[in-house]
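Could you build all of it, start to finish, from the sequences and the hints given here?
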Amino acid sequence: MRVALFVTCLGDTVVPEAPKATVTVLERLGHEVVVPREQTCCGQLHLNSGYRDMARALAARFARVFAGFDAIVSPSSSCVGAVRELSPEVAPRVFELSEFLVTKLGVEDVGAAFPRRVTYHPTCHSLRVTRVGDAPARLLRAVRGLEQIELPRADECCGFGGTFAIKNAETSTAMLMDKCDAIEATGADVCTAVDGSCLLQIAGGLSRRRSHVRTVHLAEILAAT
Amino acid sequence: MTAFPAAARKELANRQLRSNLRNATDTIRAKRARVVDEVPDWEELREAGQAIKADVLANLGDYLVQFEAAVTAAGGQVHWARDAAEANAVVVDVARAHGVSEVVKVKSLTTDEIRLNEALAAAGVHALETDFAELILQLDGDWSSHILVPAIHRNRREIRDLFARTIAPDVASDDPAVLAEAARLYLRERFLAAKVGVSGANFGIAETGTVCVVESEGNGRMCTTLPTVLVTILGIEKLLPHFADLEVFLQLLPRSATGERMNPYTSLWTGVTSEDGPQELHIVLLDNRRTRVLRDDVGRQALHCIRCSACLNVCPVYSRTGGHAYGSVYPGPIGAILTPQLVGIENAPSLPYASTLCGACYEVCPVKIDIPKVLLHLRAKAVEATAPPGERLLMRVAAWTLATPRRLSLARRVAAQAQRPFVRRGVIRRLPRPIAKWTRSRDLKAIPRQSFRAWWESRG
Numbered sequence: 001m002r003v004a005l006f007v008t009c010l011g012d013t014v015v016p017e018a019p020k021a022t023v024t025v026l027e028r029l030g031h032e033v034v035v036p037r038e039q040t041c042c043g044q045l046h047l048n049s050g051y052r053d054m055a056r057a058l059a060a061r062f063a064r065v066f067a068g069f070d071a072i073v074s075p076s077s078s079c080v081g082a083v084r085e086l087s088p089e090v091a092p093r094v095f096e097l098s099e100f101l102v103t104k105l106g107v108e109d110v111g112a113a114f115p116r117r118v119t120y121h122p123t124c125h126s127l128r129v130t131r132v133g134d135a136p137a138r139l140l141r142a143v144r145g146l147e148q149i150e151l152p153r154a155d156e157c158c159g160f161g162g163t164f165a166i167k168n169a170e171t172s173t174a175m176l177m178d179k180c181d182a183i184e185a186t187g188a189d190v191c192t193a194v195d196g197s198c199l200l201q202i203a204g205g206l207s208r209r210r211s212h213v214r215t216v217h218l219a220e221i222l223a224a225t
Numbered sequence: 226m227t228a229f230p231a232a233a234r235k236e237l238a239n240r241q242l243r244s245n246l247r248n249a250t251d252t253i254r255a256k257r258a259r260v261v262d263e264v265p266d267w268e269e270l271r272e273a274g275q276a277i278k279a280d281v282l283a284n285l286g287d288y289l290v291q292f293e294a295a296v297t298a299a300g301g302q303v304h305w306a307r308d309a310a311e312a313n314a315v316v317v318d319v320a321r322a323h324g325v326s327e328v329v330k331v332k333s334l335t336t337d338e339i340r341l342n343e344a345l346a347a348a349g350v351h352a353l354e355t356d357f358a359e360l361i362l363q364l365d366g367d368w369s370s371h372i373l374v375p376a377i378h379r380n381r382r383e384i385r386d387l388f389a390r391t392i393a394p395d396v397a398s399d400d401p402a403v404l405a406e407a408a409r410l411y412l413r414e415r416f417l418a419a420k421v422g423v424s425g426a427n428f429g430i431a432e433t434g435t436v437c438v439v440e441s442e443g444n445g446r447m448c449t450t451l452p453t454v455l456v457t458i459l460g461i462e463k464l465l466p467h468f469a470d471l472e473v474f475l476q477l478l479p480r481s482a483t484g485e486r487m488n489p490y491t492s493l494w495t496g497v498t499s500e501d502g503p504q505e506l507h508i509v510l511l512d513n514r515r516t517r518v519l520r521d522d523v524g525r526q527a528l529h530c531i532r533c534s535a536c537l538n539v540c541p542v543y544s545r546t547g548g549h550a551y552g553s554v555y556p557g558p559i560g561a562i563l564t565p566q567l568v569g570i571e572n573a574p575s576l577p578y579a580s581t582l583c584g585a586c587y588e589v590c591p592v593k594i595d596i597p598k599v600l601l602h603l604r605a606k607a608v609e610a611t612a613p614p615g616e617r618l619l620m621r622v623a624a625w626t627l628a629t630p631r632r633l634s635l636a637r638r639v640a641a642q643a644q645r646p647f648v649r650r651g652v653i654r655r656l657p658r659p660i661a662k663w664t665r666s667r668d669l670k671a672i673p674r675q676s677f678r679a680w681w682e683s684r685g
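Chains as they are written, first to last, in my numbering: chain A, 1 to 225; chain B, 226 to 685.
In case anyone wonders, no lab produced these hints; they're calculated from the structure.
Keep in mind the model is a prediction, meaning the values are calculated, not measured.
A few of these clues could be false.
As the list claims (entries may be wrong) - Result set (DSS-like, lysine-lysine): computed pairs, CA atoms no more than 27 Å apart in a straight line:
1) Lys256(B) to Lys593(B)
2) Lys670(B) to Lys167(A)
3) Lys235(B) to Lys662(B)
4) Lys256(B) to Lys167(A)
5) Lys167(A) to Lys235(B)
6) Lys167(A) to Lys598(B)
Claimed, not checked - DEER-style ranges, computed between Cβ atoms:
7) Ala283(B) to Glu89(A): 26 to 32 Å
8) Asn380(B) to Gly187(A): 29 to 35 Å
9) Met226(B) to Ser211(A): 35 to 41 Å
10) Leu618(B) to Arg64(A): 24 to 30 Å
11) Asp318(B) to Pro88(A): 53 to 59 Å
12) Glu89(A) to Val523(B): 17 to 23 Å
13) Pro92(A) to Asp400(B): 55 to 61 Å
14) Pro614(B) to Arg117(A): 56 to 62 Å
Unchecked claim - Some chain A residues flagged as far from chain B (calculated, every beta-carbon gap over 10 Å):
15) Glu38
16) Gly145
17) Glu156
Even for Gly, the Cβ is constructed at its ideal location relative to N, Cα and C.
In structure tokens, the structure reads:
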């Protein structure tokens, strides 16, 4: 299948590992990946901050850039959620990576190997907006050598919330510290998730605590062999 | 009103509060989940609750007139109050007409919203709160931090000390049963002596003129049956069209609120019944900007709220900050969308931002209020009304930058250069404003050397 990669602005600039790994996984499964050059941002930042008109302009641009593709895949559930909210004309063709693999393609074993103890944090938007369900857990189960450890209070927010992390920094930190406690209590080596933005927050917290736990995007685990 | 971030900062510093809250909200959450999971048609009940409330709001004028006629026909008196002052004046007049210096009160958010107790006090009338938690707060000059469990931020040792200082000098221990007994002894005499009772209401039935109060302690039953005069303040959005609609709401409310299949006391009264209960019934229909909320086709769903507080108990923000940070009688996610609409967005512009948009509230709401959607809607209004020029400029610059890949790449390169003095082993531990707040408690991954785009192009 010909798949258009929706890189996301954060994926392009700050966490390129996630979209790179997405390319690796999709190509390994025999799909042709194309990256529309003109793509930038879906408008989520502006939508969530209350700047609707600016969000709509970016969303309109997104819809134009991705108009010709049947399958648009992204390693970010919150960006996919924003596209579904802001760009209804492309919404039915946009998928978060794990959702695309499990629900659309019916693939759970992508041929990955990752011999680590991993705990999975289901991000809020993947759970309640994009609704990827247990797709990430199924994919992780099929990864060779990977030991999955359940995260206590998994469905609780990590405190990121976009500009919330700055506007309400203290509240965000209180949430983050509880999340880091829960992650460390699992004894896992790696915390994974399907959103680079939430992982940035969690990684920041863990790093400040000098934790031994690393954050790795789900796509990177699936790309590993 | 103090802005939420500053108010929250103060509350977050209180570790005792955080652990009290965490324990309490965890317990209620678990109970709720258990009794909701056992109802096979829970989703259908939510749909029904939402549909009934939407119908009420769409035809509110008709239902209110129908309600007034039914109450009047049953021997009650209906008063229409545009705002807090008009509603309070009705209660003050009734108290004066009967020459009382004290009224007994059922726990009511609506009366808190209009500051009825202060208005009565100014007229020389003491409003005695008879709900256990409300009594605690009143005795201590404190205020509610939770819709349903107003003293959730207090623990029992504090309550024992308070009772020892005030109503029960001999209180022996902080055992809940002992504390409850002390309050019971204190309240029972006041119930028997009270001539005027004051209540809010959970529901008013347009078809029959019936009013319904749902509670746990029985104090509500006392207040609405023992006094010879009863005044009920009813927010106009609390109407239901038909008596049979209670079937839906009396399933949704207790399970969502206290995690009980059924609440202990459900009191229903219709007008005046000769020689039984209050012989004089006043019902005050309160607007207090609700009709303004009604004009907003996205925001109006906040008026569907049945005050169960399930959204508070699952909210990761509320469970860290507690209710006082919201600066309103309506805290938590529902408060974040209701308060700005009731007081005007320009007076509470920080509340719609008191959320990570995690969506846990929407998932549990028994009448399916799409709280994240209303939060976004109100954020847009807050930006229109009060956005600081600096933020607006920053957002405009961001939008401009994100408008073409070339600008985005350029911005990335500039940022990658600018970060260099701050980067140590791939992370940034300290940043200047406006993002200094990020690095106060977290590290930030440095922008990597190569963008995704550059990597992709290098593959050829």
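For each hint, the structure was consulted:
no.	hint	in the structure
1	Lys256(B) to Lys593(B)	20 Å, holds
2	Lys670(B) to Lys167(A)	20 Å, holds
3	Lys235(B) to Lys662(B)	16 Å, holds
4	Lys256(B) to Lys167(A)	33 Å, violated
5	Lys167(A) to Lys235(B)	15 Å, holds
6	Lys167(A) to Lys598(B)	19 Å, holds
7	Ala283(B) to Glu89(A): 26 to 32 Å	30 Å, holds
8	Asn380(B) to Gly187(A): 29 to 35 Å	33 Å, holds
9	Met226(B) to Ser211(A): 35 to 41 Å	38 Å, holds
10	Leu618(B) to Arg64(A): 24 to 30 Å	27 Å, holds
11	Asp318(B) to Pro88(A): 53 to 59 Å	54 Å, holds
12	Glu89(A) to Val523(B): 17 to 23 Å	21 Å, holds
13	Pro92(A) to Asp400(B): 55 to 61 Å	60 Å, holds
14	Pro614(B) to Arg117(A): 56 to 62 Å	49 Å, violated
15	Glu38	6 Å, violated
16	Gly145	26 Å, holds
17	Glu156	5 Å, violated
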